[in-house]
Amino acid sequence: MIHHNALAKKSPACGGLIVRARGTNGRKVGSLTRRQLERYDRQIMLPEVGVAGQLRLAQARVLVAGLGGLGSPVCTYLAAAGVGRLRIVDGDRVQTSNLNRQVLHQDADLGVTKVESAMAKLSRLNPEMEIEPVHVPIDETSVGDLVSGCDVLVDALDNRRTRLVLNAAAVRASLPLVHGAVQGFEGRVMTILPGLSACLACMDRGGRETTSFPVIGTVPAVMGSIQACEVLKCLLGVGDLLAGRLLAYDGLAQTFTEFKVTRNPACPCCAEPGGGST
Amino acid sequence: MSVQIHLHRTHRVHAGGLETVEVEGRTVGECLEDLARRHPGMRDALFDKHGKLSRNVEIWLNLESTYPDELARPTKDGDLLHVTVMLTGG
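Residue numbers (our numbering), protein chains in the order written: chain A, 19 to 296; chain B, 1239 to 1328.
Chain A on its own, in the form it takes in the complex (with noise of 0.2 Å):
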């Protein structure tokens, strides 16, 4: 457990100031260089993050799943605000009709590799980042080792199916999982905590699949940045996560509705032996 606890040294190695965090233990668990202490100052004077907060973001990793129009600014905010290391699945290649809102690819980038357009931006924007690009598609075969070794999961997907595969993922290694989606002028966006909360198959009513549907750019932007709030308020245990409420914003009425999702007792992913699972 590491505490808001930090001290100030000077070091001539570094040529700067670093300042070391402590854990409630009293051992060193990292330390922060001038410039990184500079980078990240605006957070860093907040008391929900301070220097050990910073460290914890330092040192986790989160897969973002999908890099389409909510990867976009989840992968951009979690990298801006200095989440160590980013572990960024797409199986797919950048087309023209992703442009209107898939903001980390350009028009240069048309034919590329997802994962190659994301990460050539991502580290022009944090150089200290370490990127994982993985450029595979999502699928039973693969999601275990996907999700392995990260603190928490994003869905950015495109489609039920895929969701499915890596909520089930979440549920097997008890990881939290940043759901959203967007269509039209809507998004909706909920975490899910394995064993605590409604899981997505808990309220997946079977629904067809679209291979392509409409959507304004600024939904996916707002969505995204939630989830990226979500993923942030995780890694640093502050807050109130989206357990159990899915957020639902309506971008031409400009509001947002919550709703409550409970465990399905019946539910085929995480309901518990005994149908204990409310």
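No wet-lab data here; the hints were simulated from the structure. Be aware that a few hints might be false.
Claimed, not checked - Taking CB as the label site, the calculated pair distances span:
id : chain 1 : residue 1 : chain 2 : residue 2 : range
1  : B       : Glu1257   : A       : Arg223    : 22 to 28 Å
2  : B       : Thr1258   : A       : Asp59     : 43 to 49 Å
3  : A       : Thr159    : B       : Arg1275   : 45 to 51 Å
4  : B       : Thr1265   : A       : Pro283    : 19 to 25 Å
5  : A       : Glu290    : B       : Ala1310   : 19 to 25 Å
6  : A       : Arg223    : B       : Ser1240   : 23 to 29 Å
7  : A       : Glu148    : B       : Asn1300   : 42 to 48 Å
8  : A       : Glu66     : B       : Lys1290   : 45 to 51 Å
9  : A       : Gly257    : B       : Val1251   : 35 to 41 Å
10 : A       : Leu143    : B       : Arg1264   : 54 to 60 Å
11 : B       : Asp1315   : A       : Gln124    : 52 to 58 Å
12 : A       : Gly235    : B       : Asn1300   : 30 to 36 Å
Even glycine gets a Cβ: it sits at the ideal position worked out from N, Cα and C.
Assemble the complex: chain A is given as a structure, and chain B must be docked to it using the hints.
Quick look at chain B alone, frame taken from chain A:
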């Protein structure tokens, strides 16, 4: 037994553009049936050809999920139903 139904934006065309409709019913199913009676176009929007709730429609009762067994959920005077549709895009 008066219940308000907040319609999804894509369904309002079937209800004369109304955002909310007042219906009568002792269960969610009865309320939706009354809605379809008043606005026949809503039947195809909400139900499949077998009369089951369409798989991409979600029903919320007083801002809480009704899944599973949505149609059997009891309603009372003053309740609010929301109809939403599943979103899949990203």
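Comparing the hints with the structure gives:
The beta-carbon spacing between glutamate 1257(B) and arginine 223(A), approximately 24 Å, falls within the hinted interval of 22 to 28 Å. In this structure the hint that threonine 1258(B) and aspartate 59(A) lie 43 to 49 Å apart at CB holds, the actual value being about 48 Å. The given range of 45 to 51 Å is respected by threonine 159(A) and arginine 1275(B), whose C-beta atoms sit roughly 49 Å from each other. Evaluation of the 19 to 25 Å hint for threonine 1265(B) and proline 283(A) yields a pass: the beta carbon distance comes to about 20 Å.
A beta carbon spacing of about 24 Å between glutamate 290(A) and alanine 1310(B) agrees with the range 19 to 25 Å that was offered as a hint. Here the CB-CB span from arginine 223(A) to serine 1240(B) is close to 27 Å, well matched to the stated 23 to 29 Å. Evaluation of the 42 to 48 Å hint for glutamate 148(A) and asparagine 1300(B) yields a pass: the beta carbon distance comes to about 46 Å. Between glutamate 66(A) and lysine 1290(B) the CB atoms are about 46 Å apart, so this pair conforms to the stated range of 45 to 51 Å.
Take glycine 257(A) and valine 1251(B): their Cβ atoms lie about 39 Å apart, and the range 35 to 41 Å holds. The supplied range of 54 to 60 Å is met by leucine 143(A) and arginine 1264(B), whose beta-carbon atoms lie about 56 Å from each other. Look at aspartate 1315(B) against glutamine 124(A): about 56 Å separates their beta carbons, and that is inside 52 to 58 Å. Between glycine 235(A) and asparagine 1300(B), the C-beta spacing of about 33 Å keeps the proposed range 30 to 36 Å intact.
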